[in-house]
Amino acid sequence: DIQMTQSPSSLSASVGDRVTITCRASQGINNNLNWYQQKPGKVPKLLIYAASTLQSGVPSRFSGSGSGTDFTLTISSLQPEDVATYYCQRFNSAPPLTFGGGTKVEIK
Amino acid sequence: QVQLVQSESELKKPGASVKVSCKASGYTFTSYGMSWVRQAPGQGLEWMGWINTNTGNPTYAQGFTGRFVFSLDTSVATAYLQISSLKAEDTAVYYCARVGILGLDYWGQGTLVTVSS
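Chains as they are written, first to last, in my numbering: chain A, 1 to 108; chain B, 1 to 117.
Everything labelled a hint here was simulated from the structure, so no lab data went into it. It is possible that some hints are incorrect.
Said to hold, decoys possible - Simulated DEER-style distance windows between Cβ atoms: (1) B/57 <-> A/42: 41 to 49 Å; (2) B/102 <-> A/26: 18 to 26 Å; (3) B/30 <-> A/13: 43 to 51 Å; (4) B/26 <-> A/3: 29 to 37 Å; (5) B/41 <-> A/107: 38 to 46 Å; (6) A/58 <-> B/67: 35 to 43 Å; (7) B/57 <-> A/76: 27 to 35 Å; (8) B/85 <-> A/17: 45 to 53 Å; (9) B/75 <-> A/22: 40 to 48 Å; (10) B/76 <-> A/93: 24 to 32 Å; (11) A/3 <-> B/65: 29 to 37 Å; (12) B/102 <-> A/12: 25 to 33 Å.
Source: prediction; values computed, not measured. Positions of the beta carbon are idealized from the N, C-alpha and C atoms, including for glycine.
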């Protein structure tokens with residue numbers, strides 16, 4: 001099975017900072033990569049699909065990039081409401097739809 | 001609007017069984033698959049598998065075969081997760097999530113299953 005590895009596992013940054021989270025697939029997955037945001041005590045929410053397309057309603061400070069094995073989620077200017085754990089997930093028609101281990105983002 | 005409403009929290013003893021329900025509304029139930037995701041306390045998301053709501057065919061991820069069963073009642077637009085022979089390590093929040101074309105686009109509110117003697 002394809003493994004999804006996220007880094008870092010946690011980070012602390014100041015409001016306004018640029019934040020980058022990395023997700024690496026153990027094999028090439030084209031652009032079949034989604035990002036989810038889970039705020040503390042809340043249900044996960046689809047943030048970005050197909051590696052770089054923002055789900056409706058997601059602020060433009062979020063962006064995604066990558067293809068093949070290496071992907072990034074970037075928050076261009078971190079806001080207090082972005083405190084959450086972010087998960088990548090391989091997503092296509094062939095299971096398993098493996099999640100990465102998650103990256104916890106906190107405000108410094 | 002699309003909604004997935006899950007059953008309430010459960011407290012079970014080791015060795016017992018539990019059945020979690022996920023009632024869908026706001027869309028044609030059989031047009032989208034349903035995934036199940038587990039989140040143990042303080043841990044990340046684990047994809048358990050999914051069920052094709054059109055055919056009823058389930059697919060289970062590694063580690064979720066044998067004691068875990070996905071089922072449907074399409075007449076009431078509801079998906080079910082049954083776990084048998086419960087163990088302490090099954091204590092977790094279980095989410096259902098609609099399998100959209102491009103992602104798990106709608107999620108239930110989660111059901112906490114606690115296994116304790």
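Hint check results:
In this structure the hint that residue 57 of chain B and residue 42 of chain A lie 41 to 49 Å apart at CB is violated, the actual value being about 31 Å. Remark: the range hint 18 to 26 Å for residue 102 of chain B to residue 26 of chain A is upheld by a beta-carbon distance near 22 Å. Range check, residue 30 of chain B to residue 13 of chain A: Cβ separation about 44 Å, and the 43 to 51 Å hint holds. Checked against the hint of 29 to 37 Å, the pair residue 26 of chain B and residue 3 of chain A passes, with Cβ atoms roughly 35 Å apart.
The hinted range of 38 to 46 Å is not satisfied by residue 41 of chain B and residue 107 of chain A, whose Cβ atoms lie roughly 24 Å apart. Between residue 58 of chain A and residue 67 of chain B the CB atoms are about 37 Å apart, so this pair conforms to the stated range of 35 to 43 Å. In this structure the supplied range 27 to 35 Å is violated for residue 57 of chain B paired with residue 76 of chain A, their Cβ-Cβ distance being about 42 Å. Checked against the given bound of 45 to 53 Å, the beta carbons of residue 85 of chain B and residue 17 of chain A, roughly 48 Å apart, stay inside it.
With their beta carbons about 45 Å apart, residue 75 of chain B and residue 22 of chain A fall inside the hinted range of 40 to 48 Å. Taken as a hint, the range 24 to 32 Å holds for the pair residue 76 of chain B and residue 93 of chain A, whose Cβ atoms sit roughly 27 Å apart. At roughly 19 Å, the beta carbons of residue 3 of chain A and residue 65 of chain B sit outside the given window of 29 to 37 Å. For the pair residue 102 of chain B and residue 12 of chain A, the beta carbons lie near 31 Å from each other, so the given range of 25 to 33 Å is met.
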